[in-house]
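Enquirer: Spelled out, the chains give:
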Amino acid sequence: MARPDIPAEHRPRLYRSARDTPLDIVRGWLQVSVFGAHAVGSALGAWGIHAARRLSKASGQFLFLSGFVPGSVHTLKAHRNEVGAAGRDPRQRAGRAWLTHRLLFCMFGALILRARMALPLALETVWKVRHRSAPPPGHPRQYARMGDRVGVRAGDGPGNAPRGAFPNGLLEVDRLQWRMLADAPWTALLLHRPNYHDILPVFVLCMLALPGFLWRVERAGAAAWPTGIRLGSAAEPCRPRMRAQSNGRAVTAAQDGRWEAWMAAAQAGDARAYDLLLRDCLPLLRAIARRRIADRHEAEDAVQDTLLTIHRMLAAYDPARPARPWIAAIAERRCVDRLRRRGRGAGRETPIDDHAETLAAPPGTTGEDRIAGRQLRDAVAELPESQRTALRLAKLEDLPLAEAAARSGLSIGALKVATHRALKTLRRRLGGEE
Amino acid sequence: METEELIGRLTAGLRPVRRLPHPLRRAATWIGFALAVIAVFVAAFGPRQDLMERLQRPHEVAQLLFCLATGVLAAIAAFELSLPDRSARWVLLPLPAAAAWVASLGMGCLADIARMGPQALVFGASWGCFRFIVLMGVPLALSLVWMLRHAGPIRPVPVAALGGLAGAALSAVGLSIFHHLDAALMVLAWHGGTTLLVVAGFLLAGRAWGARSMPGFTAA
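Protein chains in written order, with the UniProt record's numbering: chain A, 1 to 434; chain B, 1 to 220.
Read the hints as simulated data drawn from the structure, not as lab findings. Being a predicted model, the structure only gives us computed values, none of them experimental. Where is the CB? At the ideal position from N, CA and C, for every residue including glycine. Heads up, some of the hints might be wrong.
[Said to hold, decoys possible] Simulated DEER-style distance windows between Cβ atoms:
(1) Leu99(A) / Met1(B): 45 to 53 Å
(2) Ala287(A) / Leu142(B): 35 to 43 Å
(3) Gly193(B) / Leu99(A): 47 to 55 Å
(4) Ala211(B) / Ala287(A): 21 to 29 Å
(5) Trp146(B) / Phe108(A): 33 to 41 Å
(6) Arg279(A) / Trp127(B): 54 to 62 Å
(7) Trp146(B) / Asp378(A): 36 to 44 Å
(8) Pro21(B) / Asp369(A): 35 to 43 Å
(9) Trp127(B) / Cys106(A): 44 to 52 Å
(10) Asp378(A) / Arg207(B): 51 to 59 Å
The shape of chain B in the complex, shown without the other chains (with noise of 0.2 Å):
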């Protein structure tokens, strides 16, 4: 097909669209539903009973801050991102948050050995955690990637990639809040490597939309 043939019959399918509203307009929507979504889950569970006593600790609510700013970061980037003329730096937005989240593990990990000693390592599966993060965080990255559905042919890996960690993270969040983990080993291995296994689930799973989402012409 010639490219002006192609614009006329374009030109001759135009209907009127509704504006998607500013970016971060939608990140807040989308990170208040995932937030209810959360809450009435923790409310379900019920919440630990030591909570107030472990929000006494800075470094637990550092964990937990550093954790939710990782899924809002990173919530906000993807939003960003599905546009085609913003910068592709803004991928870089969550690495700090959750940076720190990891560092702020680690440390944690640390102060457990000064305190208990080899007792801290001692290392057991959490299925549940898994569980948990998957089972959450899955469905909401994919509501986020559902509302980012027009990157597809813009960027969609990044996209993918940053709604898995958003969704997994904030899922974290809210497990921190009614679960029972109190090494920080633990929580290390299993809220983050749970989180990472599923960027890395969404990051493989963009590769495929964006190969599906492009304009499918040949050169025939």
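One chain only, chain A, in its complex shape (with noise of 0.2 Å):
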């Protein structure tokens, strides 16, 4: 299906149009239908597609649509990257839905039955509520309880239910058809409502039907898509927006985890692992940091601060985890701290522009350098003669020993200690500097 033949980059490059006609016909059917299926029960929905196996329900028609989506998606990404990878990325996404779905299903569960528990309705009151009449005489006057069984055994009909039980056995929990989560809470990890049971083989299809897609595509090409999907030859590209992309995990892929041993390496202490690594990530660095800050000394800035979190986090890196979201998440927290920064010090700040003239100006112009040479020949005039002379000499014309001393008439070991002694007493008078 995918081609593992050709590498990443040189594979076609995946185009998209800005509509797919056939899969928007079969969208907006389903959705249409939906509607009507809110609208006016299910007449609507009673002939075409959903007839079979009571799609007819809105939620039904929903979970069949979205069977369709994963479809395109899985299509997009096995070419783009390849088969695994487009197979890894819904059973991920399925994973994290489902988590998410009991989590949130079995705290709003354990609310409505702690809520019935807490606040124990009549039962008249529930059937005042639900008949607009009082109930009919013989009613027992006590309270019951959401999980409390009141006469309902599998089996009961209507027709036997004991005595001054509430008519027809049903209760709240039945009503909403939570009678097996009541019995059987562990039936809460299956599926939302155990009554959709029957829907999941047609999701099963929809899905099962994708790789045939995929098939197609790859056998006939473009021409597969009327109007759709086409291969290489569209004219606008599409910006690769999907999250495994724009994270980086895909790139990482391609660098057969180069930066992840490097970072392992590094953990241990290798220098030079740790000098490819950084090396090796300053442009991603860069990148990020001039794709979120105009300014460019202001980026190279942000780069650096990257570098030196990158460091301090070194511990925390897991070397089983692709390292390039990790570096890239980093980068994009510096710069966006340091874009926070600079917003928040503009109100504070003023800009020094007035002053530039001052600071470029050349040495010896400014009034602290005229002193500062005033005070250095004061200094050098009240030295001895023979010192200034060796000094000129010595340091300033910077001469050889021998012509120094043969100019100033003095010995070379003279020279020497008056050259010392002229630099000494210079240095504690202008502060006894090195």
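With the hints as a guide, bring the two chains together.
Expert: Structure (structure tokens):
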């Protein structure tokens, strides 16, 4: 199906047209019928594709509809990356969705059950609310709670319910079709409503049809889709928008885990691997910083911040996970911080453009430099004559020692001593700095 | 400094580091530690006399479990969020449990009203609760944040807030085991309110933490 012999970067890029007419028609029909099912019951949905298998229920249609969406995503991904990656993605998504759904549903169910236990309502109140009339005489004026089995047992029909029980044995838990959950709470782990289990095969069939789509595109190329997906020839390339690529996972695969290996080696103290890693990821860091921060210097500062943060957080990296998202996330965070800090600082700071001339002036033209120069000249003037001459010849004119000695009339040794003493005096005068 | 020079200096300063264990394992370590500390305190104060009787009531058990779940999930979320490549949505993990905790307390209030009438709305001060949750929860949360000190430059505010939530919620569990508070309204106000206060305090502290732990490079 996918072509593993072609490296990922040479595979034809996948282009997408703006609309996919066949899919739009199917989606449109489903949405119209969902609306119809809501509006006039299942009369509208009784013909057409959902006549079978209770698909006339609105929730069922949503399920059916959602079967197509992973189809297009899978097809696109399988072409861009490879079949394995395309398969992993929906699995992860489905897992996440399932977990979230589970959690929410369990909490919701628990809340409702607790609510019914905490707020015991008289059965007659329930009856009144539901039937807008007084309950029949002989109805027990007792309190019943959600979990109580008021005369309802498997096989109990309306006719053989015990006397005094709620007529036809129906409690709130039954009306909501949650009896199964009340009896066997573990069924909550399966699907959200036990009576929708039978819709599952349809969903699975939808998903099973997807490799067929893929095969068809693979065989017939662009012609497979009259107006839909085109390979490599459309006018406008679609920007990579899928998560797996935007946070770098797909690209990491192409790097053969180099960064991960370097990170692991750096954790063990291998400076060479660390150097390779930092230099290799520098273009990525710069790209992220430039994209976020317009100012070039500021962006480079953000890159350095990122490097420092990577250094600090080295121990927190887990080599089993891709390195690129890790590094990219740190870079993003540092850029955002820098922008934020600049936004906060902007109110308190004043641009110093007016002083640019002062700061950029050549040495010797500022007041401070002039004062320092005068102090130095005064100090030199106060030196003894022999030392001044030695200093001038040996240090300022930078003559060789022999020539300086000849000109000053001193021996080489005496010249050296005089120069040394002169420097020492000056140092003492001007603050004793080396 | 040039970036290449910085890389050179970082490389030269590289020391082997000990890899941090998986966040779930570290979370389990902290939760174990926190529960042990709280157990010691509960043992010191002695559990309330009617503990077994209260544990017979399903809604009290639910409250306790939701509160425990809030603390545990907040700790897990804090450990996950402390790593840069984790989704920011981990912050939502303890919210359903926290909502269920507050909802179960609210439901308890309604049940009290149904049982006792207006008497259930009598409100009193319970500074003992406040003191226990603050004195117990804040050090616990600080120990969590200390374990997560590497998260400073990444997501300081949510990590700190979740740490506060974890510490305060677990303390509230401990408190419920030995302290006498019968009215759900009081529990809601003093346990829930103090927890909220601790979380707010850690939220504010998180900002300062983030500002302090950012690399201090300026444009100069």
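Enquirer: Using the beta carbons of Arg279(A) and Trp127(B), state whether their distance is inside 54 to 62 Å or not.
Expert: Distance hint for Arg279(A), Trp127(B) holds at roughly 59 Å.
Enquirer: Determine whether the Cβ-Cβ distance between Gly193(B) and Leu99(A) falls within the hinted range of 47 to 55 Å.
Expert: Given a distance of about 31 Å, which is not inside 47 to 55 Å, the answer is violated.
Enquirer: Range hint 33 to 41 Å: satisfied by the CB atoms of Trp146(B) and Phe108(A)?
Expert: holds (36 Å)
Enquirer: Taking the beta carbons of Trp146(B) and Asp378(A), is their distance inside 36 to 44 Å?
Expert: For Trp146(B) and Asp378(A) the Cβ distance comes to about 59 Å; the hint is violated.
Enquirer: Do Leu99(A) and Met1(B) keep their Cβ atoms within the hinted range of 45 to 53 Å?
Expert: With a Cβ separation near 46 Å, Leu99(A) and Met1(B) satisfy 45 to 53 Å, so the hint holds.
Enquirer: CB of Ala287(A) to CB of Leu142(B), is that within 35 to 43 Å?
Expert: At roughly 39 Å between Cβ atoms, Leu142(B) and Ala287(A) fall inside 35 to 43 Å, so the hint holds.
Enquirer: Measuring from beta carbon to beta carbon, are Trp127(B) and Cys106(A) in 44 to 52 Å?
Expert: violated (36 Å)
Enquirer: So does Ala211(B) sit 21 to 29 Å from Ala287(A), Cβ to Cβ?
Expert: holds (27 Å)
Enquirer: Are Pro21(B) and Asp369(A) spaced within 35 to 43 Å by their CB atoms?
Expert: Because 59 Å falls outside the window, the suggested range is violated.
Enquirer: If I claimed the Cβ atoms of Asp378(A) and Arg207(B) lie 51 to 59 Å apart, would that claim hold in this structure?
Expert: Check passed, 55 Å falls within 51 to 59 Å.
Hints 3, 7, 8 and 9 from the earlier list are contradicted by this structure; the remaining hints agree with it.
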